[in-house]
Amino acid sequence: MATDGEAAIKAQDLAKRFGEVQAVAGVDFAVREGELLGFLGPNGAGKTTTINMLTGLARPDAGTIRIAGIDCSGNPKAAQHLMGVVPDESNLYPELTGFDNLCFCGSLYGMNKRDREARARELLDRFGLADAARRKFAGYSRGMKRKLTIAAGIIHRPPILFLDEPTTGIDVASARQIRQLIAHLNVGGTTIFLTTHYIEEAERLCRRIAFIVQGRIVRTDTVENLMRQTEGRHVVEFAAANDAAALCKAMMTDFPNLRCQAVTGGGIRVESSEPVRVGPLVRFLEDHDAEVSEARKIHPSLEDVFVRVTGIEAGAMKQEKEKAKRGGDA
Amino acid sequence: MKAWIAYWNILAKDMRSYYLKPPNISWGIVFPLAWTAMFFIRSGSGLDSIPALLPGVMAVSVLFGTTSMLAVTVTFEKKGRSFERLLLAPIPLELLMLAKTTGAILFGVANAFVPVVMAAFLADLSGITWATLIPVVVLIAVSSTFLGLFIAVSVSEVFEAQTFSNFFRFPMIFLCGLFFPIEQLPVWLQPLSYVLPLTYGADVLHASIHHPAHMPLALDFGLLTLFCVALFAVSLRNIRRRWIM
Numbered sequence: 001m002a003t004d005g006e007a008a009i010k011a012q013d014l015a016k017r018f019g020e021v022q023a024v025a026g027v028d029f030a031v032r033e034g035e036l037l038g039f040l041g042p043n044g045a046g047k048t049t050t051i052n053m054l055t056g057l058a059r060p061d062a063g064t065i066r067i068a069g070i071d072c073s074g075n076p077k078a079a080q081h082l083m084g085v086v087p088d089e090s091n092l093y094p095e096l097t098g099f100d101n102l103c104f105c106g107s108l109y110g111m112n113k114r115d116r117e118a119r120a121r122e123l124l125d126r127f128g129l130a131d132a133a134r135r136k137f138a139g140y141s142r143g144m145k146r147k148l149t150i151a152a153g154i155i156h157r158p159p160i161l162f163l164d165e166p167t168t169g170i171d172v173a174s175a176r177q178i179r180q181l182i183a184h185l186n187v188g189g190t191t192i193f194l195t196t197h198y199i200e201e202a203e204r205l206c207r208r209i210a211f212i213v214q215g216r217i218v219r220t221d222t223v224e225n226l227m228r229q230t231e232g233r234h235v236v237e238f239a240a241a242n243d244a245a246a247l248c249k250a251m252m253t254d255f256p257n258l259r260c261q262a263v264t265g266g267g268i269r270v271e272s273s274e275p276v277r278v279g280p281l282v283r284f285l286e287d288h289d290a291e292v293s294e295a296r297k298i299h300p301s302l303e304d305v306f307v308r309v310t311g312i313e314a315g316a317m318k319q320e321k322e323k324a325k326r327g328g329d330a
Numbered sequence: 001m002k003a004w005i006a007y008w009n010i011l012a013k014d015m016r017s018y019y020l021k022p023p024n025i026s027w028g029i030v031f032p033l034a035w036t037a038m039f040f041i042r043s044g045s046g047l048d049s050i051p052a053l054l055p056g057v058m059a060v061s062v063l064f065g066t067t068s069m070l071a072v073t074v075t076f077e078k079k080g081r082s083f084e085r086l087l088l089a090p091i092p093l094e095l096l097m098l099a100k101t102t103g104a105i106l107f108g109v110a111n112a113f114v115p116v117v118m119a120a121f122l123a124d125l126s127g128i129t130w131a132t133l134i135p136v137v138v139l140i141a142v143s144s145t146f147l148g149l150f151i152a153v154s155v156s157e158v159f160e161a162q163t164f165s166n167f168f169r170f171p172m173i174f175l176c177g178l179f180f181p182i183e184q185l186p187v188w189l190q191p192l193s194y195v196l197p198l199t200y201g202a203d204v205l206h207a208s209i210h211h212p213a214h215m216p217l218a219l220d221f222g223l224l225t226l227f228c229v230a231l232f233a234v235s236l237r238n239i240r241r242r243w244i245m
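So the protein sequences, as listed, match chains C and F.
The numbers in the working numbering rise by one with no breaks, and the one at position 276 of the first sequence is 276.
The numbers in the working numbering rise by one with no breaks, and the one at position 175 of the second sequence is 175.
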């Protein structure tokens, strides 16, 4: 894919409105050739709408899209031969076998019979699905469906791959295998645009990350630079059985140098620019009838950066996504 | 060339997944048979009435066969999101939709000839003008399929597609001159007949099988072709507006 120094994917001022809802509002970013960019945001932030606009499934209200230097703003078909797309939900044919699904997807990109059959066998082997090749897609487990959907997205060896929530709602082993495959594809030179709500996944896979909230990119930077924000931060998390939100409020009044936050599961997270002295805090909590079962030092992560930049509690975002996914699958 | 690989494989997949399934094959045979028997018994005029009934039964078989299938091959796939995979493929939308409708056209043409084969055992069909009958059957199949596509694109649920189809299909049985001449319709209904594509197809079918056409055949063929082009163009516009939002 020769782009003459141009970005593999470039979006400028992209905007999309559905009725009263401004789904995407002036999104700008560029993904360099061979880069893996993570697009991180909560449910409804505009991630899927952005992917749909980039791939030709949605028409932007405003803005421009260039894929491998080709202006796709007016003609989304112009660069579809360069793209592989893995949607957030499997969209293969339930009545076809795994092998037939892959061959069919290959044919959509003009691959001849011999090429697509050889490539389908290669991918089924690589994704550990060779034994299920002749089984109908409808009978696959969720993890197998995800893997076959990804295989279908790369059947034609696209130089640019769009992955929309590739590991949401699947078992740990399959998710791990998919992450390894994504990393392997990227090492092989594939440019990848990855949306996810798993912060640790983005941290592990991506070199750069864009945070999107309410249709706007609030920050784009390398993981390294983002993590630099956490330097000099000291975090301690308390497991305390009581009203965490009320305790946080009281704690910040008594300890004005601390930043407190209730976390998922009833805990309290305390942050400071100086080392946190645990003793006074435990005493404070016990004085407020909270039963402290654990206090542990937390090494600041990308999740902390995300929370700070977006103001959204990452655990809640993950739960919300998983719930939505389960609901969608039901 | 590469786009044609996609075209052929979409068609082949649809034939395998939908049209060559036993329920659809039996529908393709039983439905025309039932229509033939119904009108044959109702006419009460013996085997001589077969050539007069044949055009109507052929047209109805094509109309119902094609419009029913599009609700499945398009609306169902859209609902199940597998249609998105086709929209993401680097093939022009026109070719993609032709690939999705070719199966229905072939199914419709095959349906049309089921009553012809049955009639061949019961009546003398030596007077049929095949040179006009075959092209008009194809054009009726194409126009009915594109009508089905127009309906399939206008709705989001399979049951809505079936309901909306009936809104067009059943009036067409009575308004298009299939089983009795348009002139026998109330005067206020007659203009409606002339805005329905099947009217022109039925006229050529009648002319090919048993009596002269009411309109010049060239006009029938021309208008039928125009309906095909218009329905396809409107359907494509609706896909672009409704599905690529």
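Derived from the structure by calculation, the hints contain no laboratory data.
Because the structure is a prediction, the values reported are computed rather than measured.
Mixed in with the good hints, there may be bad ones.
Straight-line distance between alpha carbons at most 20 Å, and here's what the computed SDA-like set of lysine to any residue pairs gives [said to hold, decoys possible]:
| id | chain 1 | residue 1 | chain 2 | residue 2 |
| --- | --- | --- | --- | --- |
| 1 | C | K113 | F | L86 |
| 2 | C | K136 | C | P94 |
| 3 | C | K113 | F | S68 |
Hint check:
This hinted pair checks out: K113(C) and L86(F) have alpha carbons roughly 18 Å apart, not beyond 20 Å. For a cut-off of 20 Å, the pair hint linking K136(C) to P94(C) stands: about 6 Å separates their Cα positions. With a CA separation close to 31 Å, the supplied pair K113(C) and S68(F) exceeds the 20 Å bound.
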